[in-house]
Each structure stands twice: as structure tokens, then as C-alpha cells.
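> Chain by chain, the residues:
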Amino acid sequence: MSTPDNNPADTPSKTPSKTPSNTPGNAPDAARTAVGTATGDTPWATGEEIIRFQDVTKRYGRQVVLDDLCFSVYAGKHVTLIGPSGSGKTTILRLLMTLIKADEGSIRVEGDYLTHEERNGKLVPAGERHIREVRKKIGMVFQQFNLFPNMTVMRNLTEAPVRVLGLSRDEAEQRARELLEMVDLTEMSAKYPSQLSGGQQQRVAIARALAMRPRILLLDEVTSALDPELVAGVLDLLRDIAHHTDITMLTVTHEMNFARDISDCVMMFDHGKILEAATPEKLFNDPEHTRTREFLNAVL
Amino acid sequence: MNWDWEVVEEFLPRFWDGVLVTCQALLGGTLIAFTLGLVWALAQRSNLVWVRWPVNAVTEFIRNTPLLVQLFFLFYVVPEWGPSMSPLATGVIGLGIHYSTYTAEVYRAGIDGVPRGQWEAATALNLSTAVTWRSVILPQAIRRVVPALGNYVVAMLKDSPMIAIIGALDMLGEARFFSAETFQYVEPITLVGIAFIVIAYPASLLIRALERRLATY
Ligand SMILES: Nc1ncnc2c1ncn2[C@@H]1O[C@H](COP(=O)(O)OP(=O)(O)OP(=O)(O)O)[C@@H](O)[C@H]1O
Ligand SMILES: [Mg+2]
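Residue numbers (the numbering used here), protein chains in the order written: chain S, 1 to 300; chain P, 1 to 217.
These aren't lab readings, by the way, just hints derived from the structure by calculation. Fair warning: there could be bad hints in the mix.
Below 25 Å or equal to it, Euclidean Cα-Cα: the simulated DMTMM-like pairs (lysine to aspartate or glutamate) are [unchecked claim]:
(1) S:K273 / S:E294
(2) S:K273 / S:D240
(3) S:K137 / P:E120
(4) S:K191 / P:E10
(5) S:K136 / P:E120
(6) S:K101 / P:E120
(7) S:K122 / S:D68
(8) S:K101 / P:D112
(9) S:K191 / P:E120
(10) S:K191 / S:E178
Because the structure is a prediction, the values reported are computed rather than measured.
With the hints as extra help, turn the sequences into a complete structure.
Structure representation (C-alpha cells):
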């Protein structure tokens, strides 16, 4: 693997001093940071490495939002990000969803660079085609739902499968009906999002993401915009998905009980760095850092 | 004031000719203004500087010069090296182009008003740029701007008598010629004034109906 000779920014940088044995895609090594910052056992760091952040830095102006971040997520595992406001949790998900670009470092999904591709043995900024190919594997659910208000629920669920995956309308609607059944909204298919409650909208948004059959699901505080009485329904649905599918989940949440239920690994963030990563039992009951303890005391 | 029905009767044939011209100018001009304005608005958001910049310059220029000058230009200057067209066709195109620079601004505001989350959801679903525009952004943007677009239809109606200057006689043009020949002013001008209201009203009703039809969500 050659390093690009130009373009220092947004380049998969290989800094040997920081990554002593960095064979790309090598799972045991990739677990390095997650395990490096990990405390206790690391049962989440087994199997196929599906996401890998390597030395990722993101800045807004002078503010360093993510600071040389390294971590890996393994296929089918559920990783939850917690941490104080502004610590960079959303930024991680937005980077993965290609809504923003990293300033330095590389992100790989199933071994493929997210925003770079290899051409003639060189890494170059990826074309739209490559990005779209990698992006197919990732779905995202937003805090504010972001359903398309001009489409019925049914069309919200079928538009992308038809336009992007090339499903026939019948196939897409069949798939949508199954998903609506799963999220318990069978009667709502002809309604518009504005006619639904927040909780129902978010369940549709989850179904919409799942309709694309992603391998990875990103969830960014998906219950924060909901009235308290609607939160449980959405969390129950997500628990269901976590326990009954093999989808990899990367979740940002302030619902600590939920995090405890579904997570294989909880990562505590602070100032753009992983402070510690551990199983929920370990992290919630016996955190290593006082900073984590303070944070948990504040939110629990 | 003396109202003479015989004058009205005498004027009527030419009045109807004028009404026809006014309606054609309004419909044709609206069609052009609505579509071309959208083209401008999209071009102004292009990633390509050499598309964005000239379009910005041209629309800014057209918006800030008088319609009258543009009509003269289209009718007398363009045929020197381009196609020559009938007065009515020239008038329709002139009105359409002039107002397209206003509707472009309206569309642009509508597009800017679509929340960023909509773009992000489209990206997260991997929709192509074309599909994102067609299925997500434009339907929401246009729905928001129909009332503002409607205002420009009425404004265009009020500007339509200008095309008489290049010989496309609208209602007012016909009235003035008639008056110049017969020295009868009251009836033709009054009739034309009423006609403007009679045309403007259904036009605004039409826009409102369209607004309601788009308000499905
Ligand atoms: N578009 C932007 N421009 C400038 N600064 C930004 C932008 N987006 C995020 N930031 C900054 O980056 C930092 C990290 O933001 P991020 O949204 O990732 O935090 P977070 O951990 O998700 O916090 P929260 O729990 O409040 O959602 C914040 O300080 C924020 O102000
Ligand atoms: Mg956030």
C-alpha cells in the first residue's frame, strides 16, 4: 500500500510512530486502540472488523473536534458512544455517513476506504461511485427523524429501494409492508409524516433505514426529540433489532439503561478522544476514570 | 361623464383581439418565467463556477434593466444577427425572460428553505443527486413558493401592456389606438381597466387552487 504523495489533508496518514505494526485490515492489530483504551475484557473485539477509524482528526476552524481517533467496530456488535455534549459523538457518525469529511486519517468499512480508493496502487480521493458503493452498507437514523414530508410513509420507505437498489415497486412495497409490521405501523402507510406522532415518525425513520438492508446502522440520539412517553416504544424497537438481527449498531444515546441492555461495548468520549471502552457491566459499574464516573453520576 | 354604449360596441371587436393578446402574453410569459426561473436557480447552485458565474451575471443584469429596453433589444437588435419573430412572440419571450430572473430568486429562497436534514437523509439513503432534487428538494421547495410565484403572475399581467411598444397590441394597446382614431377615451379605457381585474382575479384563484392542491401534507 503506497501513501499518496500529495494532499496532506484528508489523507489516510500512516504515522509509523503511532501505529507500530499497521498492516491494513489486520483485525488483531486493528483492535489495538479499542483494546488499548479498553479496560477489562474485550469480548466485542472479535470476528470481522467492519469499521475502522485510524488516526482520524476533525477540526472546525481551530477547534479540534476529533483528536487522532482510533477505534474499530466488529461485525454484528453493538457499540454505544457516551460522553458529554460537544465531545464529538455526532461527528463520528456523520463522518461514517459521509456527511462530513475528516481532515486527517482514514476510515474503512469492511476494509474499503470510505473517502479514498486505490487506483494504480495509489490512494486517491474517491469518486462519487466508490463513495456510493461503500455508503450502501451504512444506514442512519437522525435525532430529528428527517422523514421526507412530501411523501407518504409508504413512499418514504420505497423511494430509495426503488431508485438506489433498483427494486421493482412491488418488491419495495412488499418489503416496506414487512417493515411497517415490524415497527407496528401497518395502518399508517398512506399517511404523511406530519400526521404521525414523533415516536411513530422515528419508527418509520428506522424502518426507512432498514429498508436499504445496511450492514451498519448509525443511531444518533434517536429518542432525544421525543416526548417522554414516546421514548419507550422506540427503544423497545431498537432492542428488538439489536437482539434479532445481525446488524452492526453504532449508537449515540443518553439513555443509559438502553445502552446497558444492547451494548457489547460502551465507549466514553471526552474532548474528541476515547477515554475508556469497556463492556457495559464494567463501564457502568466500575469505570476506570473519575471523569467517566462524574459523567455517569450526572446523567444517571 | 357620458357613457356611450355605441362606442363600446364599436370598440368590442378590437377589444377582444387585445384580450386574446394579453392572455397569450400572460400564459406564455408565465410558462417561460416559471420554467426558466427554475433553470436559473438550479444553475446558480451548480458546482461549476463557469456555469454559476455567467448565470448570476446575466440574471442580475436582466433584473436590473427595464423590461422596455429588453423588449426593444429583442425586437430590433436580436434580428440583426438572430431570428426575427412576430411582435407577440417577442413580447411573450421578453416578459418570460424578464420575470424568470425574479422567479429564480423565489425558487432559490424555496430551495434554501428546505432543511439541511432533508439533504442529509437523502445522502444517508444513498439517493443520487438527480433523485434528491427531483423527489425530495424540489417538491418541498416549490410548494413553499407557489404564493410568491403567483404574485409575479399578477405583476406580469400589469406589465403586459408594455409589449404594445413593439407592436403586439394587448387590450390597452388596442384601446389607445382606438381612442387616438375616435377621440373616445372613457369607454375603451374603462373597459380595459375592468378587464385587467377580471383577468387578475381568476389568475389568483388558479394560483390558490394550485396552492391547495400542493398542500397534501
Ligand atoms: N458544522 C459545525 N461547525 C462548527 N463546529 C461544529 C460543527 N458541528 C459540530 N461542531 C462542534 O464540534 C464539537 C463536537 O460536536 P458533536 O456534535 O460531535 O458533539 P456531540 O458529542 O454529538 O454532542 P451532543 O451530545 O451535544 O450532541 C462541538 O463543540 C460542536 O460545537
Ligand atoms: Mg450529538
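> Are the hints correct? Go through all of them and say.
Checked hints:
For the given pair, S:K273 sits about 17 Å from S:E294 by alpha-carbon distance, which is consistent with the 25 Å threshold. At roughly 30 Å between alpha-carbon atoms, S:K273 and S:D240 are farther apart than 25 Å, so this suggested pair is violated. Distance check on the hinted pair: S:K137 and P:E120 sit about 16 Å apart at the alpha-carbon level, within 25 Å; holds. At most 25 Å may separate the alpha-carbon atoms for a hinted pair to count; S:K191 and P:E10 exceed this at roughly 58 Å.
For the hint pairing S:K136 with P:E120, the CA-to-CA distance comes to about 14 Å; that is within 25 Å, so the pair holds. At most 25 Å may separate the alpha-carbon atoms for a hinted pair to count; S:K101 and P:E120 meet this at roughly 14 Å. For the hint linking S:K122 to S:D68, the alpha-carbon distance of about 23 Å falls within 25 Å, and the restraint holds. Simply put, S:K101 and P:D112 have alpha-carbon atoms about 22 Å apart, close enough for the 25 Å limit, and the pair holds.
Between S:K191 and P:E120 the alpha-carbon distance is near 22 Å, which keeps this suggested pair within the 25 Å criterion. Taking the CA atoms of S:K191 and S:E178, the gap is about 17 Å. The hint holds against a cut of 25 Å.
Checked against the numbered hints listed earlier, the structure breaks hints 2 and 4; every other hint is satisfied.
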